[in-house]
Every structure is written in C-alpha cells, then in structure tokens.
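Engineer: Here is how the chains run, residue by residue.
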Amino acid sequence: MSMHSKKRVSLLLIAAALACVWGASRIRPEAESWARSLAAQPATPLEDAPPLMSLTVMAFGGFRGLVADVLWIRLIDLQKESRVFEIAQLSDWITRLEPHFAVVWAYHAWNMAYNISVLFPDPDDRWRWVQQGVRLLRDDGLRYNPRNATLYRELGWLYQHKIGDVMDVAHRHYKAAWAREMAGLLGGAHPPEAADPHDDRLRRMRQEYKLIPALMREVDAQLGPLDWRLPETHAVYWAWRGLKVAGDDEHKAACEQMLCQSMADAFRRGCLLTDPRSDLYLTTLKPDILPRTIKTFELALRNPRNKNTAQAYANFLTEAVVMLYLFQRDRAAREAFATLQALTGSPMTYDELITFCLRKAEEELPYKDAAAVVEAWLYRSYKATGDGKPDRASLCEQKARALWDTYMRQRPSEAQRLLTGLPPFPACQWAAWQRLDAELKGADARERFRALCPEPAQAHHAEP
Amino acid sequence: MKRLWAIAGMTWRTAVRSRVLLLLVGLVTVSVLLLPLIIRGDGTALGLAQLYLDYAFGWSMALLSAAAVWAGAGAVSLEIEHRTIHMLATKPVRSLELWLGKWLGLMAVNGLLVVLAASLIYAGLSWVTRPGRMSAADRATLTARILTAHEWVPPVAMNASGGHVAGPGQTLSRHFVLSPKQAQATVLYLRYRFSTSEGMRSVPVAGTWVIRAIDGRELFRQRDFAAQFMDNLLRLPPPLRLGRGFSVEYTNQELQKPLTVVFSATDGLGLLAQVGCFEGNYVRAWLLVLCRLGFFSALGLTAGCLFSFPVAAFVSFALLFMTALCRFIERVAARGLPGDVGLSRETPLFQLWDGINRLVFKGLNVLLPPLPHFNPLDYISQGMMIDVAQVGQAFGVLIGGYGVALGLLGWAAYARRELGLPTE
Chain A
1 MSMHSKKRVS LLLIAAALAC VWGASRIRPE AESWARSLAA QPATPLEDAP PLMSLTVMAF
61 GGFRGLVADV LWIRLIDLQK ESRVFEIAQL SDWITRLEPH FAVVWAYHAW NMAYNISVLF
121 PDPDDRWRWV QQGVRLLRDD GLRYNPRNAT LYRELGWLYQ HKIGDVMDVA HRHYKAAWAR
181 EMAGLLGGAH PPEAADPHDD RLRRMRQEYK LIPALMREVD AQLGPLDWRL PETHAVYWAW
241 RGLKVAGDDE HKAACEQMLC QSMADAFRRG CLLTDPRSDL YLTTLKPDIL PRTIKTFELA
301 LRNPRNKNTA QAYANFLTEA VVMLYLFQRD RAAREAFATL QALTGSPMTY DELITFCLRK
361 AEEELPYKDA AAVVEAWLYR SYKATGDGKP DRASLCEQKA RALWDTYMRQ RPSEAQRLLT
421 GLPPFPACQW AAWQRLDAEL KGADARERFR ALCPEPAQAH HAEP
Chain B
1 MKRLWAIAGM TWRTAVRSRV LLLLVGLVTV SVLLLPLIIR GDGTALGLAQ LYLDYAFGWS
61 MALLSAAAVW AGAGAVSLEI EHRTIHMLAT KPVRSLELWL GKWLGLMAVN GLLVVLAASL
121 IYAGLSWVTR PGRMSAADRA TLTARILTAH EWVPPVAMNA SGGHVAGPGQ TLSRHFVLSP
181 KQAQATVLYL RYRFSTSEGM RSVPVAGTWV IRAIDGRELF RQRDFAAQFM DNLLRLPPPL
241 RLGRGFSVEY TNQELQKPLT VVFSATDGLG LLAQVGCFEG NYVRAWLLVL CRLGFFSALG
301 LTAGCLFSFP VAAFVSFALL FMTALCRFIE RVAARGLPGD VGLSRETPLF QLWDGINRLV
361 FKGLNVLLPP LPHFNPLDYI SQGMMIDVAQ VGQAFGVLIG GYGVALGLLG WAAYARRELG
421 LPTE
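Going line by line, the protein sequences match chains A and B.
Here this note's numbering is used: the first residue of the first sequence is 1, the next is one more, and so on.
Here this note's numbering is used: the first residue of the second sequence is 1, the next is one more, and so on.
Read the hints as simulated data drawn from the structure, not as lab findings.
Everything numeric in this text was worked out from a predicted model, so none of it was measured.
Any given hint might turn out to be false.
[Unchecked claim] Each computed DSS-like pair below joins lysine-lysine, with the alpha-carbon atoms no more than 30 angstroms apart:
#1 A:Lys80 with B:Lys2
#2 A:Lys399 with A:Lys307
#3 B:Lys257 with A:Lys399
#4 B:Lys257 with A:Lys360
#5 A:Lys252 with A:Lys295
#6 A:Lys244 with A:Lys210
#7 B:Lys91 with B:Lys2
#8 A:Lys80 with B:Lys362
#9 A:Lys399 with A:Lys360
#10 A:Lys295 with A:Lys368
#11 A:Lys252 with A:Lys368
#12 A:Lys441 with A:Lys295
#13 A:Lys360 with A:Lys307
#14 A:Lys307 with A:Lys295
#15 B:Lys362 with A:Lys368
Bound conformation, chain A alone (with noise of 0.2 angstroms):
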C-alpha cells in the first residue's frame, strides 16, 4: 500500500469512528431511558464518591454487571468452602460495581452480619462481622444513595433483628459490646449537648457512626428519651431518618413497620440496667415510653399499606396491658385497655383480659416478656415488704422463682439458654429493686425502704 493510500485508510477510519461517537451520542438517551425502564443502572457518575470509585464505575461501563458477576461467583464458591477473609473484600468491590443498586447492598451487608458471621464459633469473630455488615450499609451503601428509604431500612433491621432480637447464641455479646461502644462514644445514654462543632465526640458520632447529633435530639423528643447504648434506638433512628426520604407510601410503609417494632422492643427492654462492680448488662421495660410508642403505631396506621399493623398494634397493646398490670399502673394500664378496645371493639372486660393472659403465661412464658414478668413479681414482692406486709411479699417472691424455674426447665440446652434464657435470678431481683428505689419520691421514703428491705447481693452476671 503507497503512502496516499494509507493516509486515505486513515481518515476513513477516523471518519467512521467520529461517526459512531456521533451515532452512540444520539441514542445514548433511548438506551438509558430502556435501562431504566429494566430497572438498570445506567453508569452514571456518582456524587460524592472518590476519585477511584468513580473511575471504577466510568471504566468498566456496560461491563460492570459481568465484573460484579464473576466476582459473585468467586465469593460463593470461597464462603462454600468457607475461606472466609476475603468475603468483605469482595462485597465491598461487588458493591462498588453497583453503587445504586440497593439490593446488591442489602444482600451483601445481610451475608456478612447474618451467613457469615455464624460461621466462627468465637463471640468476638461473630461481632466483627455483623459490624462489617453495618459498615458496609452505614458507611458506604447509605453514602452513595443517601435517598434511599430501603438502605435505611435495612440497616435498622441489622440493629432491630442481628443485634437487638434473640436470633444468635452470641446476641449478649452483640448487645453489651454495642452498649459499651456507645457509653464511650456518647458518654452516657443520651447525645451530648457539646456546642462546639469541632468537639471530638461529636465528630466521631457524624463521621464514623453517621449519627447526627440534631436528629438525635429530635428523635429523643419525638420518641423518647431513648437509651442510645441500646440497638432498637438505632433501628428506630435509621427508620426515623429513612422516613424522612422515603417517597411513596410503599418505603414509608417499611421504615414505619421498623419504627413500630423497634418503639415495642423499646417498652419491653428500653431500660438498660448496668453495673460497673459487674458485667452485668440487663434491659427491662421501660412503662414511660408507652405513650409514644402508642402514638407511633397510631400514626403508622394513617398509611393505607400498613393494614397488617394493625393486628400487631393489637398484640402490643395486650402485652402493654398485662404488663403495666403486674407493675402495679393500674391507672396507664386501663387507658392502655380502653385504647385497645376503641381499635378492636372487643366485649373482653380488662379483668378478663388479665385474668386470661395471666393464666396463659403461667403455662408458657412468652421469650419477650419472660423478664419483664419475673421482675414484676419480684417488684410487687419489695413493694410488699415495704409497705410491711411479709407474707405477701413471700408469695409475690416464691411466684417469681417458680416462673422462672418453669421458663429455665423449658430450655434444658446451653444454646437454648444462650439464646432465650432468663438473667440469673438473682440479677432480676436486683432489677426489681433497683426500679422501686427510684420510684420512690423523698429521701425518707427511700431510706425507710432500705432498711426494711437492703439492696439484693451482686451475685448477677449478664450470661444466665
């Protein structure tokens, strides 16, 4: 070929590549518009992401999808074979490829917190993965799609279900390591009230655990006061900050559930009992938060696709009832009935009620509630004594032990124990105690308690 004719070839080639730059350029709108109507992602660049990531996602273009594929595989065959350090790696890269593609988040922090972590029969390995799993929402899937009701919502559930419910042998560790992570981030139980902005706390609450102070406070005054060293004040703040991006009715719907089940986890165990001369960690009901979790479910309902709530709203209420029943509120436990009947309409009357619910838990003791009912037995036992009557305060007591000897007897196993089991006794006796001295107003009233009825032995620990 002479010279003129490969110069020819060449501006033919430029040409025809001008021309497709040109071509792709007048599609490029139809072709995302397809892409999104596939519910695709389209590369698009993203906000506040590092130079690196943003490259990552420019680079591969179409081929992210096969990228983030071929690395799905590897990280299936490798937690088959259960070669596990390299899991977090590969979410994380996996995620990066699909930046707005909120399942592929939800999926990968639920591995790590949930299928991974159980993996390690070692407390301490188990937490470092559920953490993984909540950096990975907190940290980065809420960064790239801070609009995003469903990541909110997912991260709750981390807080409200992992760490919060019972469904791992190893949920005390969760609960006390989180507790004592937060008493040291925050100082206390609730978000200071530091006004400078540089203040070192503060800056650790915004950057590393995305809690921002303000809207601490506003769920504190909406909500609460919530403890914040407990994890359903965290499903419960994700969910509040979810509901504030949250579009439809639909996403609403979903962080209102949240918000409704944390706020009733709140009642049942929103009051953390700790002591430094031990390592014990025992939450009880907190009765003062009713209200607001009463107005929560109330506000819930005003959405049309929270029709099933509504059932759990009535179930909450019965609990409520019963509850406020055997720690003597008679007065909020009434109004709590009269609620439930407005929702339900039922013909029970509220001796009925307790008289059945009582007889039911004698002859199971739900896990939720098992706590929260010793302890009631246990505190109408001290009131008893304090206000001089032995006898009954020896039969509140002997019912307490024989609850929770029938709860114990019913979970033989360790792992049933780990799991659901009760505080030794002991520790619920402490408890007990520790509720009526604060309740009782004056010094006199409290030191006259005391000398009838002297603080229960430290003989508690946070395992059963």
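Starting from the structure of chain A, add chain B where the hints point.
Structural biologist: Relative to chain A, chain B alone:
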C-alpha cells in the same frame, strides 16, 4: 552453544529495551504498592495480611503470565514482520537453536520479573505486618498460621467402629504417624471440619479432644466449641511430646439436644505440622510461578512461529484463558455440562449433545497442562508447604513435557515458515 547464548542475549536485550517490559515493571510495582491502601480485609490484622499476600501474589502472577504469552508471541513473529529475522536466518543457526535461544532469553526476562515481583511483595508484606501496625500477639499468630510452611498430616487408620460420624456421646478415633521431620515440628495444629445432623445450626458444637500415646497414656485433653462447615484449628501445646505414633479421639458432647457430627471424608480431620519457614516456601512458590511462565513463554513462542503476531497473540491468550478454566473443564469432562439446555436429560438429542460436549472437554482436559496442580496461590496464603518435589514435578511437566512438545512444534513450524515473502 555459543549461538544459543547469543540469541538468548539478543532476546534479553530486545525485551529490556522494550516499553512493554517497562510498563509491566511499573504495573507490578504500582499494584503491589497500592494494594495495602485499597484492600479491605476481614477486620483482623491476620485477614489483611492473608488478603494482601493472596491478591498481590495472584495479581502479579496474572500480569506476568499475560506478559510471558505476549512477549513469546512477539519474539519470532514480530522479527519476521519487521524482517530483522533475516539477520539471523542468513547465519548458520538451526531452527531449534533459534527457538531455544529465544525461549532462554524470555526465561531470563521472566526470571528478572519474578525476582522483582517477589522482592516487592515481600517488602509490601513486611510493611503490612510491621510491628507498628500489628500487635505482637497478631504477629505471633500470623507467623504460626500463615507466614509458615505447614504440612498436612492425614490419619492413617480408623478405629473398628469406623466411619466419619460421631453420634451424641460417641467417640471417634484416628491414628496418626508422623515423619521424623513432622515429629520435630514446634507448631502443631489439629485441623477439623465437620457438618452436623442439624443442617443450618449456627450454635457452636461442644466436643472433647483427647490425644493418647500408643500405650494409651493421655497426653492432651481439651473441651472445645467449634462451628460446622469451617476449618477449625486447635493449637496443641508446644511441650507436647507426641512421638511418631499416637491417636486422636473426638467425643461428641452434645447430649442435651442430641446431635450427630459428621467429619468430611477427605479433609475432615488431620494435623498441620510446621516443617519449614515462610521464606523457603515463598521462594519455592515463585519457582512454581517461573515454571508456569516457562510454559506460557513456550506457548507464545510456538504460536509466533506458526502465525503472524496478532493471530499468535490471540491464539496464545485464548489458550491462556482456557488454562484458567482448567478446573471447569475437568468438571465438565467428568460430569457433563451443568445447567438446563431446554432438553430433557433422557432425550436422544440431549444424550448426543452431552456426549459431544464431554468428548470435546475430555480432549481439552488431556491437551491442557494440569496448571491448577501447580498453583502456588493454593498453598502460600494458607501457610501450606510447597516441597521441592512439587517444584521438580512442575518443572518436569510444564517445561520438560509441555515445553519440549511446544518447542518441537515451534521448531518444525519455524523450519517450514517462509521468511522472505513480500508484504506489499
């Protein structure tokens, strides 16, 4: 011999002057140095070091393999294209000498790159695991678990009740015999992997391990909680004088809620004995890499003798890609293609389709070198021993077998290649 070295020297000089080599050196350096900054381990210092070693080693190996194929494909074909081959062709050099000289030159370049990559990764690893970044306890664990050379010691016999199953309260016994070298090991782990009759159980399983001497004396006893599906490691205390023969007993302690423990038949129970140091193992791992690169260079070189550069590069990379799928090919050859092809398995059409596939994959399986067996990545990041025999075997198979076959093919192809054809 002199001619051979002269050709090798020319190839070396061409490669050293080439921008591709410079780019490759840059890529390996940058990636090895950048890796510690971008990788995310499992949250432990141990996991991070393991991941760094795995990724840095694997990435360098992939880059060097691609470079070996590329350089091999261009070594002869580009010289033919640029007509510089005429300088050699007009001299009394035999085709085999040309092929071999080129291959030796390429191997010298491969050797240089391997030394560079190995040094960089070692330096990177030392930086990742430096005392300021890793606690003394983590470093000790890392040295005992990963930066070491363990040998897998399987049991030699089963007890009379046999099987790999321990029911509630039952005891499973295995007999072990250590080689003199293994018996000297200062670090010894019991490694076990099991599943349970409770499929998705997430609660750790309680069991007791007992080690007995041949005369029945109890040397070690420990109650242990372990997770199913995982490689569980139990470090045996150093002063334990096991001798060469002893038995290991496992008693299933899950009695309250009866549960059966099933040990994996292949690698369910065994010992890891530290028989060497990391540095020696690391060198052997890179020797395995060098053997693989020798094969890839031979592959590229022969393809370059047969085809023009673009075709040679394409063919070599296609074969390189296929070697990466060796395990899949082995699986299909043995079990057929996985997945649904829209046909019932009983239909004659499916049988035909499956038969053809198996035949093709069996052929490929026979033709392709057993590279997965010589993959240092399977060993080095797990702290497993690569012994000299394995390196020797890799050399014999990849260089002595496949390399020689490719060399003969390249020789024949080059001898018949027309070098003086006009291009325009």
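Engineer: Take the hints in turn and mark each one as holding or not.
Structural biologist: To see whether the hints hold, each was checked on the structure:
A hinted pair counts as satisfied when its Cα atoms are at most 30 angstroms apart, and lysine 80 of chain A with lysine 2 of chain B does not qualify at roughly 55 angstroms. Restraint check for lysine 399 of chain A and lysine 307 of chain A: the C-alpha separation of about 39 angstroms exceeds 30 angstroms, so the hint is violated. Between lysine 257 of chain B and lysine 399 of chain A the CA atoms are separated by roughly 29 angstroms; this keeps the pair inside 30 angstroms, and the hint holds. Taking the CA atoms of lysine 257 of chain B and lysine 360 of chain A, the gap is near 26 angstroms; set against the 30 angstroms cutoff, the hint holds.
Between the alpha carbons of lysine 252 of chain A and lysine 295 of chain A the distance comes to roughly 16 angstroms, so the proposed pair stays at or under 30 angstroms and holds. For the proposed pair lysine 244 of chain A and lysine 210 of chain A, the alpha carbon gap of about 16 angstroms is at most 30 angstroms, so the pair holds. Restraint check for lysine 91 of chain B and lysine 2 of chain B: the C-alpha separation of about 13 angstroms stays at or below 30 angstroms, so the hint holds. The hinted pair formed by lysine 80 of chain A and lysine 362 of chain B meets the criterion: a straight-line CA distance of about 26 angstroms does not exceed 30 angstroms.
Between lysine 399 of chain A and lysine 360 of chain A the CA atoms are separated by roughly 15 angstroms; this keeps the pair inside 30 angstroms, and the hint holds. Using a Cα cut-off of 30 angstroms, the hinted pair lysine 295 of chain A and lysine 368 of chain A holds, with the two alpha carbons roughly 22 angstroms apart. Our distance criterion of 30 angstroms between C-alpha atoms is met by lysine 252 of chain A and lysine 368 of chain A, whose separation comes to about 27 angstroms. As the CA atoms of lysine 441 of chain A and lysine 295 of chain A are separated by approximately 29 angstroms, the hinted pair is consistent with the 30 angstroms bound.
Our distance criterion of 30 angstroms between C-alpha atoms is met by lysine 360 of chain A and lysine 307 of chain A, whose separation comes to about 27 angstroms. A distance of roughly 16 angstroms separates the Cα atoms of lysine 307 of chain A and lysine 295 of chain A; the hinted pair therefore holds under the 30 angstroms criterion. Taking the CA atoms of lysine 362 of chain B and lysine 368 of chain A, the gap is about 60 angstroms. The hint is violated against a cut of 30 angstroms.
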